[in-house]
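S.K.: The chain contents come next:
Number of protein chains: 10
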Amino acid sequence: MPQPELLEFFDAPTETPFLIEHVNEEFTSVCPKTGHPDFGTITLRYVPGAVCVELKSLKLYCQSFRNEGIFYEAVTNRIRDDLSEAMSPKWLQIITDWKGRGGIRSRIIASYGDVPTEWRRG
Amino acid sequence: MPQPELLEFFDAPTETPFLIEHVNEEFTSVCPKTGHPDFGTITLRYVPGAVCVELKSLKLYCQSFRNEGIFYEAVTNRIRDDLSEAMSPKWLQIITDWKGRGGIRSRIIASYGDVPTEWRRG
Amino acid sequence: MPQPELLEFFDAPTETPFLIEHVNEEFTSVCPKTGHPDFGTITLRYVPGAVCVELKSLKLYCQSFRNEGIFYEAVTNRIRDDLSEAMSPKWLQIITDWKGRGGIRSRIIASYGDVPTEWRRG
Amino acid sequence: MPQPELLEFFDAPTETPFLIEHVNEEFTSVCPKTGHPDFGTITLRYVPGAVCVELKSLKLYCQSFRNEGIFYEAVTNRIRDDLSEAMSPKWLQIITDWKGRGGIRSRIIASYGDVPTEWRRG
Amino acid sequence: MPQPELLEFFDAPTETPFLIEHVNEEFTSVCPKTGHPDFGTITLRYVPGAVCVELKSLKLYCQSFRNEGIFYEAVTNRIRDDLSEAMSPKWLQIITDWKGRGGIRSRIIASYGDVPTEWRRG
Amino acid sequence: MPQPELLEFFDAPTETPFLIEHVNEEFTSVCPKTGHPDFGTITLRYVPGAVCVELKSLKLYCQSFRNEGIFYEAVTNRIRDDLSEAMSPKWLQIITDWKGRGGIRSRIIASYGDVPTEWRRG
Amino acid sequence: MPQPELLEFFDAPTETPFLIEHVNEEFTSVCPKTGHPDFGTITLRYVPGAVCVELKSLKLYCQSFRNEGIFYEAVTNRIRDDLSEAMSPKWLQIITDWKGRGGIRSRIIASYGDVPTEWRRG
Amino acid sequence: MPQPELLEFFDAPTETPFLIEHVNEEFTSVCPKTGHPDFGTITLRYVPGAVCVELKSLKLYCQSFRNEGIFYEAVTNRIRDDLSEAMSPKWLQIITDWKGRGGIRSRIIASYGDVPTEWRRG
Amino acid sequence: MPQPELLEFFDAPTETPFLIEHVNEEFTSVCPKTGHPDFGTITLRYVPGAVCVELKSLKLYCQSFRNEGIFYEAVTNRIRDDLSEAMSPKWLQIITDWKGRGGIRSRIIASYGDVPTEWRRG
Amino acid sequence: MPQPELLEFFDAPTETPFLIEHVNEEFTSVCPKTGHPDFGTITLRYVPGAVCVELKSLKLYCQSFRNEGIFYEAVTNRIRDDLSEAMSPKWLQIITDWKGRGGIRSRIIASYGDVPTEWRRG
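Residue numbers (my numbering), protein chains in the order written: chain B, 1 to 122; chain W, 1 to 122; chain G, 1 to 122; chain R, 1 to 122; chain C, 1 to 122; chain D, 1 to 122; chain H, 1 to 122; chain S, 1 to 122; chain F, 1 to 122; chain Y, 1 to 122.
To be clear, the hints were calculated from the coordinates, so they are not data collected in a lab. From the three backbone atoms N, C-alpha and C, an ideal C-beta is built for every residue, glycine too. All clues given are correct.
With a straight-line Cα cutoff of 27 Å, these simulated DSSO-like cross-link-like pairs (lysine-lysine) come out:
{"no.": "1", "chain 1": "H", "residue 1": "K59", "chain 2": "G", "residue 2": "K33"}
{"no.": "2", "chain 1": "W", "residue 1": "K99", "chain 2": "G", "residue 2": "K59"}
{"no.": "3", "chain 1": "S", "residue 1": "K99", "chain 2": "W", "residue 2": "K33"}
{"no.": "4", "chain 1": "F", "residue 1": "K59", "chain 2": "B", "residue 2": "K59"}
{"no.": "5", "chain 1": "W", "residue 1": "K33", "chain 2": "G", "residue 2": "K56"}
{"no.": "6", "chain 1": "C", "residue 1": "K99", "chain 2": "F", "residue 2": "K59"}
{"no.": "7", "chain 1": "Y", "residue 1": "K99", "chain 2": "S", "residue 2": "K99"}
{"no.": "8", "chain 1": "W", "residue 1": "K99", "chain 2": "R", "residue 2": "K59"}
{"no.": "9", "chain 1": "D", "residue 1": "K56", "chain 2": "F", "residue 2": "K33"}
{"no.": "10", "chain 1": "H", "residue 1": "K99", "chain 2": "D", "residue 2": "K59"}
{"no.": "11", "chain 1": "R", "residue 1": "K99", "chain 2": "W", "residue 2": "K59"}
{"no.": "12", "chain 1": "D", "residue 1": "K99", "chain 2": "F", "residue 2": "K56"}
{"no.": "13", "chain 1": "B", "residue 1": "K33", "chain 2": "R", "residue 2": "K99"}
{"no.": "14", "chain 1": "W", "residue 1": "K99", "chain 2": "R", "residue 2": "K99"}
{"no.": "15", "chain 1": "W", "residue 1": "K33", "chain 2": "R", "residue 2": "K59"}
{"no.": "16", "chain 1": "C", "residue 1": "K90", "chain 2": "R", "residue 2": "K99"}
{"no.": "17", "chain 1": "W", "residue 1": "K56", "chain 2": "W", "residue 2": "K99"}
{"no.": "18", "chain 1": "R", "residue 1": "K33", "chain 2": "C", "residue 2": "K59"}
{"no.": "19", "chain 1": "H", "residue 1": "K90", "chain 2": "G", "residue 2": "K99"}
{"no.": "20", "chain 1": "H", "residue 1": "K99", "chain 2": "Y", "residue 2": "K59"}
{"no.": "21", "chain 1": "D", "residue 1": "K56", "chain 2": "D", "residue 2": "K90"}
{"no.": "22", "chain 1": "C", "residue 1": "K99", "chain 2": "F", "residue 2": "K56"}
{"no.": "23", "chain 1": "F", "residue 1": "K56", "chain 2": "B", "residue 2": "K56"}
{"no.": "24", "chain 1": "F", "residue 1": "K99", "chain 2": "Y", "residue 2": "K56"}
{"no.": "25", "chain 1": "F", "residue 1": "K90", "chain 2": "C", "residue 2": "K99"}
{"no.": "26", "chain 1": "F", "residue 1": "K56", "chain 2": "C", "residue 2": "K33"}
Here are some chain H residues pointing at chain D (derived, C-beta under 10 Å):
{"no.": "27", "residue": "I94"}
{"no.": "28", "residue": "I108"}
{"no.": "29", "residue": "Y112"}
Start from the sequences and build out the full structure, keeping to the hints where you can.
M.R.: In structure tokens form, the structure reads like this:
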């Protein structure tokens, strides 16, 4: 079961806005319809508010989906919600890329907040 | 014959707009002029309204073009129409990429609705 | 000699604007200065008006440059002019990419009309 | 149904052994178990005997598998048998590469005759 | 727990030796030392004896390692043993490729039997 | 310890704004939490004010992080601060790309000043 | 010594604005500090005014830097100045990409004039 | 018409065997069956005897096929024969790679003489 | 200082020979001549005798070169010697790939023992 | 003028044979026929005898060809001769790769001595 309580945070090193991207290529959950495992890549991009997410805790949080039966779309929105709630970022985006099922591969993108002006040319 | 009635849908997991992309690299139809098969990749990108398209039904719908004699341009617009009619998305885009014919490869792009503002930096 | 009269057209399948791209990687003409053959790729991108260009006729039109002595810049503008005159598209762009001569490779881009608003995020 | 009678041949241009490879990236047949289409690439490599296979007839022969229910392994051996029987090559090899099914992609290789000594360093 | 009893087989379509390769890019097991999941790609290459392994059963067999605590080297030798015992191939090779741990990525190769002479130039 | 005093500068060759990008693929520091080395790529992009940074001094400055225990986010902001303070550029951007830790790779982007209008299409 | 007098020009084939890009991957000059040769790629992009630069003369002009001791930044601005002065383009951009020195590779971009509106979506 | 009389040669700089490879990516001839142009890459590999082929003359010889109606297999054997006859190499190999026709791309390999022992590990 | 005493081993899971490859892309030492850091990739390939090297201990052993002044050639032979002495493999090979210095990149390969016959086709 | 007297050597760190490869991507000389510069990559592979070549001296030796008018074939054999004479390696191979001239790119390979048996599987 997804465990947002695993997430840990540390103080952002500066109040000046900056962009952070973490890419986890080792994500797996279970298709609730077929029971077969799904494999994907989770990309988290955000502009921190007061805190940044600690890397190892992010990894453990992602691992907590391992035996969860959950659709692509729900995984993506769930991670967006858990992370934006826990760390109140200025902006946050979750991109999930899923390996093919029946010849079809998928990408889901969910966002929180507006891209700050200074990142529009990032 | 294209069979939009094969398409199935499920409720979108959230009302907050998010982006979904499905890429089907295993599409084939038949050239109505020469009778030779055409091979292509179909990319569907959309921001769901009330519903999302179910993956296996999308695959079966794509397979229903297999022995249909239909031009590239018509395939693209047909899929755009079938999907936008059946699920009333906030935005939808169909991109088809076709392997070469006589040394020429092609891409067709058809859209429905405006890209929501929050995706302009997606 | 370039023969625009080889071009054939068919009715666009819809009045809703959509984008078409054809890439011909097998183009050759002759350098008017040295007499040596030039090899390039011709990319045609357009939003159709009333008609679309038929693929085989586009191939034959491109082949009609085979023994023509003509500079890169003139090839590009000539194709832009021939195609935009013959099919009155809403927008059209010709991109030519040329293999190296004396260690220098080149790209020329010529356009007709404005990119329709709906394609600015294509 | 596979139709080897579609295959046509022309006289090899020389008696000196040489190697020919044709790669058809547009092959499709049907899985006899699930009824879903399979998509693959067929590679034919051979040292001709008296005759070479004509390209367009090879394409039509490959198209004759389009609606045939047949396993990967059987496709590969069938093509090996049809071609080696029809043209008695000095050596022939069929390599089939199949897009993923359930996250597994496959390659099958079947041969006829010994590689002639002069090609061992090819 | 690895379940070789999930494996199913079908009769080889010919007695003439030929080569089969299946690549499963969606493999995961658990590191017995750290408890963290490992992610890898399993490649099976073999020359069949009397039978071939059925693809879906191979997938299910691979999935049975999902929550097993087992080292890279043991996974590779275990699959080699399970498959060679169950189907008595003329030759079999298991290649496992593992994503990085602490900046180190790994590949393990285990074989059964000798490569038949006709495949030495495969 | 990071030593900004190693940085040397030379006069910009022109007052007309232009863009400079230096990419250092050989950066290493130490994780303050685990004591293990981190490996990354540092990209510096800037529009010079009165001075440009001298390449060899930039290399030595980067080497001064070699045995420093410091987080990704702090490295990025520290370099942004050291360089923008020392050379008062019109615009400056630091992009750091870090090899995977526990299956997660990261990128951090920090900027100083606004992108000048003439570079918005760069 | 850079010799802009080597540059030759021909009349633009049309008054309608279009874009030209030449990429010279065979550029070398000498580092004025160390005396070692520098190797780079020079990209010239421009919208012609009345004239276009002739390719062979552009090559000879680039070769005239071969034994010149000159910094990256100065090469880039010098070519921008020589070419914009000699042919009064509507817009011109010089991008230089330099192979690594001490583990650091560099790119310099210098422009002349504003990008014409019609190219903003090019 | 192929013109081997265009070929020029110069004395090999040493009697010690060495290997030379020239790759011409700009080859075109005409299909004798359809009249459409064929596009290919010609690779010449050889161990010289007394002479080496001069590069510009090789280019002109290749250009002499431009309007010749000739099959892939015949082009390859013709070049092998013309070059081996004209320069009596110790070993020579012609590899031709042809862009796709009807979805099928081809490679033909023709050789002259045995690979000298010292090159077997080249 | 290189610390082979950091290396730990575990029993090989089988007496049947198999091949193990570990690739460490995060290696750094110091050039004894210039004092500048060197960055490289270390590849270890071996057929185990009684024991296999434990991954985390291999990583720590590699890290012990971090501040050692040592040439490429000596690093490679040192690792070959330390590992072959400590674990008496049936065969072992060290490949080191070094990023460029002054425009020159390098690879060094050192081996221990003969490749077992069964791996000659690996 | 090529200056082999620039080459410096150091004692091989072991008498056990091992393989060294240096790749210099920044080589330029002058075509003696046209006076235009040639650009290439020089690869040196050798098994040392008593000595190894020092990297910086190898770079300076390569730079001594910068303004020399010399053919591809002669460059390759000259470097083979200079290096094998100066350091009596157990085996040595020079591979030169040249950027295209008139659409033709070239590779020349010259060797000295036999590949030692232990490297035949390298």
